[in-house]
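Protein chains: 2
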Amino acid sequence: MQPKMTKRQFLQSIGAVSGVATMYRSMNALGMASPTTAGTTQFQLTPASGYGTRVVILGAGVSGLVAAYELSKAGFDCTVLEATGRAGGRNLTARSGDVIREEDSRQWVDFDAEDHLYVNLGPARLPYHHTAILGYCREFGVDLEVFTNDNRAAFFHNQDRFDGPVVARQVMTDTRGYIAELLAKAVNRNALDSELTGEDKEMILDLLRSYGDLDPDDLYVGTSRGGHLGPHVHAGLAPGEVNDPLDLSQLLRSDFWQYKLHFSQFLDQNPTLLQPVGGMDAIVAAFEERVESLIAYRCIVTSIRKTSDGVRIAYRRRRGRRSVLEADFAICTIPAPVLRDIRNNFSPETQTAIESIEFSKAVKIGFQAQRRFWEEDHAIYGGISWTDQDITQIWYPAYGYHREKGIILGAYIWDPDPGLRYSEMAPSERLQAAIAEGELIHPGYATELESGVSRAWPKVRFQRGGWPESYEPPEQLREPDGRIYFAGDQLSALPGWQEGAALAAQAAVTAIHERVMMT
Amino acid sequence: MQPKMTKRQFLQSIGAVSGVATMYRSMNALGMASPTTAGTTQFQLTPASGYGTRVVILGAGVSGLVAAYELSKAGFDCTVLEATGRAGGRNLTARSGDVIREEDSRQWVDFDAEDHLYVNLGPARLPYHHTAILGYCREFGVDLEVFTNDNRAAFFHNQDRFDGPVVARQVMTDTRGYIAELLAKAVNRNALDSELTGEDKEMILDLLRSYGDLDPDDLYVGTSRGGHLGPHVHAGLAPGEVNDPLDLSQLLRSDFWQYKLHFSQFLDQNPTLLQPVGGMDAIVAAFEERVESLIAYRCIVTSIRKTSDGVRIAYRRRRGRRSVLEADFAICTIPAPVLRDIRNNFSPETQTAIESIEFSKAVKIGFQAQRRFWEEDHAIYGGISWTDQDITQIWYPAYGYHREKGIILGAYIWDPDPGLRYSEMAPSERLQAAIAEGELIHPGYATELESGVSRAWPKVRFQRGGWPESYEPPEQLREPDGRIYFAGDQLSALPGWQEGAALAAQAAVTAIHERVMMT
Chain A
0 MQPKMTKRQF LQSIGAVSGV ATMYRSMNAL GMASPTTAGT TQFQLTPASG YGTRVVILGA
60 GVSGLVAAYE LSKAGFDCTV LEATGRAGGR NLTARSGDVI REEDSRQWVD FDAEDHLYVN
120 LGPARLPYHH TAILGYCREF GVDLEVFTND NRAAFFHNQD RFDGPVVARQ VMTDTRGYIA
180 ELLAKAVNRN ALDSELTGED KEMILDLLRS YGDLDPDDLY VGTSRGGHLG PHVHAGLAPG
240 EVNDPLDLSQ LLRSDFWQYK LHFSQFLDQN PTLLQPVGGM DAIVAAFEER VESLIAYRCI
300 VTSIRKTSDG VRIAYRRRRG RRSVLEADFA ICTIPAPVLR DIRNNFSPET QTAIESIEFS
360 KAVKIGFQAQ RRFWEEDHAI YGGISWTDQD ITQIWYPAYG YHREKGIILG AYIWDPDPGL
420 RYSEMAPSER LQAAIAEGEL IHPGYATELE SGVSRAWPKV RFQRGGWPES YEPPEQLREP
480 DGRIYFAGDQ LSALPGWQEG AALAAQAAVT AIHERVMMT
Chain B
0 MQPKMTKRQF LQSIGAVSGV ATMYRSMNAL GMASPTTAGT TQFQLTPASG YGTRVVILGA
60 GVSGLVAAYE LSKAGFDCTV LEATGRAGGR NLTARSGDVI REEDSRQWVD FDAEDHLYVN
120 LGPARLPYHH TAILGYCREF GVDLEVFTND NRAAFFHNQD RFDGPVVARQ VMTDTRGYIA
180 ELLAKAVNRN ALDSELTGED KEMILDLLRS YGDLDPDDLY VGTSRGGHLG PHVHAGLAPG
240 EVNDPLDLSQ LLRSDFWQYK LHFSQFLDQN PTLLQPVGGM DAIVAAFEER VESLIAYRCI
300 VTSIRKTSDG VRIAYRRRRG RRSVLEADFA ICTIPAPVLR DIRNNFSPET QTAIESIEFS
360 KAVKIGFQAQ RRFWEEDHAI YGGISWTDQD ITQIWYPAYG YHREKGIILG AYIWDPDPGL
420 RYSEMAPSER LQAAIAEGEL IHPGYATELE SGVSRAWPKV RFQRGGWPES YEPPEQLREP
480 DGRIYFAGDQ LSALPGWQEG AALAAQAAVT AIHERVMMT
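Respectively, the protein sequence lines represent chains A and B.
Residue numbering for the first sequence follows numbering that gives the first Met the number 0, beginning at 0 and increasing consecutively.
Residue numbering for the second sequence follows numbering that gives the first Met the number 0, beginning at 0 and increasing consecutively.
Here chain A stands alone, though its shape is the one from the complex (with noise of 0.2 Å):
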C-alpha cells in the first residue's frame, strides 16, 4: 500500500525528473522543442500616465468599452457617448421581454423567460486564438463554455441533390473517402512518381488508406465513419451494415464544397470556440461594470470637428437637447456607414478612406421551439445546418441541452441579395419565410416553432450593415486625424469580430499614450 501523498512528497517525489525538465526548459531557451505559442495576453498602458487628459470615445460598442476600460484605467479622463440607451453595439443578446427597434419597426421578443432562452443576434463565436477578447473575458470572469460550429449530426441541403438534407457525417466521411481513393489510384499509376520518390509513394498509399478508410483494394466502398444501417448510427450490440457512400457525381455537383465542407477548417471557424454562459452581452455586461459611470446614453453625435489642440464633438440629447464636448482625444468606433452622414471636418483623404467601408447585409433569426426536436429526434446536439435557400444556416443551440425548450437560430444570412431582401421584409414576414425555408429542412417544423425574433443589421439605426466586407481596412484610418483616432472592427482585418474591435481599441489608445507620453 501507497502512504498518503502531500503536494510536499509530490513535488520531492518529481524531483527524479528534474534534470529532464531543466533540459527541456533550457532547450526551449535555445528556440528547440518550442512549439507556437498563442496565449491569452493581458494590455496594460502605464498606470496614471492619463492624469489631465482627456479623451472622448464615440459609441459604446466593444471597441469603446475596450478604449474607456483601458485608458480608465491609466488615469485618462474619458467620457463615451452612446448613440443608444445600451452598450454593446452589435454584440446583442435578446431575451424574453427585450424589444429590439429597427429603422421602422419594432418587436417584443415573446421568448419564455428561462436563463437558457436567448439567442445571440450579434457576434456569437469567440475563437481560441481572439486573445485579446478571451483576456478581458478571464481578466473579468466570464463564464466561457464551448460553441459548437462542426456536428456531423446536422444536415447538408441543397435543393437539386439527393431528394432532401444528408447528415454532415456522410457528406464529410464520404468526401474524404472519394478524395482518398481518386488519389490513391493516380499515386498506383504512377501518375505523381515525378512528385513522390520510391519511399514516399509507399507511405502516402498508407496514409491514403487511413485518411479515407479503403479497402483493401485502396477503394472507398463506404466505413463504419459514415454510421451504420438500421435503428442506430452506431454498432450497438452487434456489428451491422454501414450506410453507402453517397453518390460521388452527386456530391460533385451540390454546393458543399464550395465552401461549407471545410467550414471549421478556417482559421476564425477552427475549434474550440468557446461562447459565454447565457449569452454574448456578458462581455458587455463586465465591461459595463467597470465604465459605466463614464458612458453618456442616448447621446447622438451630430458633429466632429478637430480644433487647433483638441476636438469639439457636438450630440443631442433627449428631447432634442444640445451639448457640446471638448476634449484633448477622441477615439472614433462610429460604423463607417453611420460616420460618413456625420457632419465633420476631417481632411478629404480620411472621408474617401471612411466612405470606402461597405458594411455586410446580415440578418439573424431566432425562434422559440417549444421542444427541443433537434435532439430528440436528431441527436443534434449544436452545430450548423446548411442550405442553398434564403436562410444560408439554421443553428442549434449549444446550451441548454436537453431542458423543455430551446432557441434556434432560424436564419442566418450575408449575402447581400437575400440579406437585403430580407431586411426589406416586415418582421414579421421574415419570420414566415424563415419557417418555410426551415420545412425543407425539418419537416413539421412550423408547428414546432412557438415565437421569433429578427435583426437586419442594415435597419439599425446607428449601425447600416453586419460587418465590414473587406479584410483590409483602408490605411489612411490607421493614423489620426489631429487628434481623432478612429478604431472598432473595421480598423482590424478582422472584421465582425470583437476581436478586431479589441485590437483596435488598444491600439487608439496605445498611440494617444504614446502622445501624451511624448509631450
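If you're looking for bench data, these hints aren't it; they were derived computationally from the structure.
Accuracy of the hints is not assured; some may be wrong.
[What the hints assert, rightly or not] Rough simulated footprint, nothing fancy, chain B against chain A, three-plus residues with beta-carbon under 8 Å: (1) 267-273; (2) 346-356; (3) 397-403.
Beta carbons: idealized from backbone N, C-alpha and C, even for Gly.
Fit chain B to the known structure of chain A by using the hints.
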C-alpha cells in the same frame, strides 16, 4: 412600427406557410425528404409485468444500474450484488479526498476541493448518437456540456520529427493541402480520366482548390487556415504572412496520420461529444438515487449456479460472512476477466466464451496544475495533444475554463506494452514517468504540477482491465445459460462505452421480461 406579436399571433402569422408544412409532412410520410434520424429513445418494459419475479443482478456498474432501474420500474423484485463499496464500476471520477484502490496500492486524491478540480478516470465522453445513455441523462436531468476531442491549438508530437511538437491546426491544414495539390496534379495530367468524365473533372478540380485552399496554379503553398506568422495566430489589425507549410516528407514520416489525424472522423469520436457537468459519475449518482435501496454493497460473489428453476448466488459479505441468494433469474455484468475465476456451473460453451474475452490494459493519469498553462500560454481550451511516447495523449479539461487551477489528463494509455508496464509501476513511479514524458510536450511541465493520481485498470481487483479488446462479442453469451443472462459492455459492439453497457442491460431485461410474459 410592428405591433407586439404574441405567441398566438405568431402561430396565426405562420398560417401562410402551413401549406408548405403540410406538404412536407406528407412527403415525409411517403419516405421522401426524410433525412436519416437518430433521436434519444425511451426504453420501457410493460409496467407491473414483473411482480412476483425475483432477479439478482451481479455488479452495480452502468449495466447493472440500468438493469436494476428498468426491472424495478416494471415491478420485478431486484437485488444488485456489488463487490465494492461504490456503484459505477469503471465510471469513476476522482476528486479531492477520494481513495483510489488497486490490488497493491491505495492513492489519496490530493486535488483542491473545488467543483472543477476532478478527473474522469474511466469513460469521459458521450457521443451524440449514444441515445440510450443520453436518454437516461435526459430523463434524470443530468446536465451536459460539450467534450472536445478536436482542438486545433493542441499538439502533435513525434519524437523523431519536426524538432518538437507541432500545432494540430498546421498538421491538419497542410495534410489537406498536400492531398488536394497531388490529386489536382493527377487530374490535370489526365491520370483519372477513366473515373472522371469532362464535367466531373472540372468540378473535382474546383472542389480540390477549395478543399486544400490551393493557389491559382493549383499548388499548395500554405493558407491562412494554418495561422499567421507574428504575434497572433489570427490576422490581427492587418493581414500578415501565413505560416509556411510543414514539410510533406516529414509529415509522411511522422506517425500522425496512422490514426491520430483522423481521430475525430471515427464514429465514436465525432463531434458533438458531451459530458456531464461536474464529472461522469453524475450518471451513476442519478441511477443510484433511484435504485440505491436495491444495491447490496461489499458483497463479493463466490459462486454462480443454475438451479432447476432459477439461480443460486453465493457471496461473501463484510467480515467474511457468507450468504446465499436465490432468485428466478440472474443478470451477470461481472467483467469476463473476473467472472472466469468465479466458481460456476455454466455450460462448457459459456465458459469458453467468457474465457475468449480479453480486456485492454488501460491506464489514465490525472494531474492538478497550479496554473492553466495550456490556456494561458497556448490558448488550448480542451482537446487532446498526441505523442508517440507511452503516455499517448494529454487531455486538457473541457471545463473550468479560465479558473485558477486545472486538472489535466497526463496519460491515457491503452496499448498493451506501455499499459502493462505502467500498471506494474507503483503509483508515484507512474506520475514521475508521465511527467518526464509530458515535459517533451510542455517544457516546464514538472514545475506546473501539484499532485497526481493514476488508475491502472488491469490492477483493479473487480475489473482487471479497461474494456473488451474485440468489437465482436461472443454470440454464445447473447443467449442465457439456463436462467443466467449476461450483460455489460462486453456483450456489445461498443466495448468500453456506457452505451454498450446500457444496451446490453436493456437486451437482458427485455429477454427476461419476454420469458416471464410467456409463462
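How the hints compare with the structure:
1. Counting residues of the segment 267-273 of chain A whose CB lies closer than 8 Å to any CB of chain B gives 5, which reaches the minimum of 3, so the coverage claim holds.
2. Three residues within the 8 Å Cβ limit are the bar, and the segment 346-356 of chain A against chain B gives 0, so the coverage statement is violated.
3. Against chain B, the segment 397-403 of chain A contributes 3 residues with a C-beta closer than 8 Å to a partner C-beta. That satisfies the three-residue criterion, and the hint holds.
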